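Engineer: Residue numbers (my numbering): 57 to 162.
Fair warning: there could be bad hints in the mix.
What the hints assert, rightly or not - Here are the computed lysine-lysine pairs in the DSS-like style, where the Cα-Cα straight-line distance is at most 27 angstroms:
#1 Lys-94 - Lys-141
#2 Lys-91 - Lys-108
#3 Lys-141 - Lys-102
#4 Lys-119 - Lys-84
#5 Lys-126 - Lys-113
#6 Lys-149 - Lys-89
#7 Lys-119 - Lys-69
#8 Lys-152 - Lys-84
#9 Lys-149 - Lys-84
#10 Lys-141 - Lys-69
#11 Lys-91 - Lys-141
#12 Lys-113 - Lys-152
#13 Lys-69 - Lys-85
#14 Lys-102 - Lys-156
#15 Lys-141 - Lys-89
#16 Lys-125 - Lys-156
#17 Lys-105 - Lys-85
#18 Lys-84 - Lys-69
#19 Lys-94 - Lys-69
#20 Lys-141 - Lys-105
#21 Lys-152 - Lys-128
#22 Lys-156 - Lys-69
#23 Lys-125 - Lys-91
#24 Lys-156 - Lys-84
#25 Lys-128 - Lys-69
#26 Lys-89 - Lys-119
#27 Lys-102 - Lys-125
#28 Lys-69 - Lys-108
#29 Lys-128 - Lys-85
#30 Lys-125 - Lys-69
#31 Lys-94 - Lys-156
#32 Lys-85 - Lys-141
#33 Lys-85 - Lys-108
#34 Lys-105 - Lys-126
#35 Lys-105 - Lys-119
#36 Lys-126 - Lys-149
#37 Lys-94 - Lys-152
#38 Lys-69 - Lys-91
#39 Lys-113 - Lys-84
#40 Lys-113 - Lys-69
To be clear, the hints were calculated from the coordinates, so they are not data collected in a lab.
As the structure is a prediction and not an experimental result, all values here were calculated from the model.
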Amino acid sequence: MYAIIDTGNSQEKVEVGSIIEVDFISDKKDGDKVKFEKVLLISDGKSPKIGKPYVSKAFVEGKVVSHNKKDKVYAIQFRRRKDSKRIVGHRRKITKIDIKEINNGT
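Produce the complete structure using the sequences and hints provided.
Structural biologist: This is the structure:
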């Protein structure tokens with residue numbers, strides 16, 4: 057069984073036991089439970105349930121494993137003058153979540 061959930065600005069395909077990386081969740085600590093109620097699709101292998109836009113009464117539960125940062129992403133700005141460039145970068149904060157349960161609402 058798998059589900060597709062909406063997590064902030066992205067969609068993730070999740071299964072029980074999988075570990076996903078989502079955008080930083082500031083109000084959760086390591087070991088806290090997380091509940092995703094924006095479920096777009098649930099499939100048990102036979103017939104999928106597709107939401108309009110979300111599947112009613114369906115949810116996915118998980119547990120926060122850790123808070124990390126991803127690798128640094130560089131942005132380089134070039135100008136046509138000699139020695140005129142600027143290199144800036146950032147590291148995006150992420151939260152790793154272990155999926156424990158997928159409930160289809162029945």
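Engineer: When the hints from earlier in the document are held up against this structure, which numbers fail?
Structural biologist: Structure breaks hints 1, 3, 5, 10, 11, 15, 17, 20, 27, 32, 33, 34.
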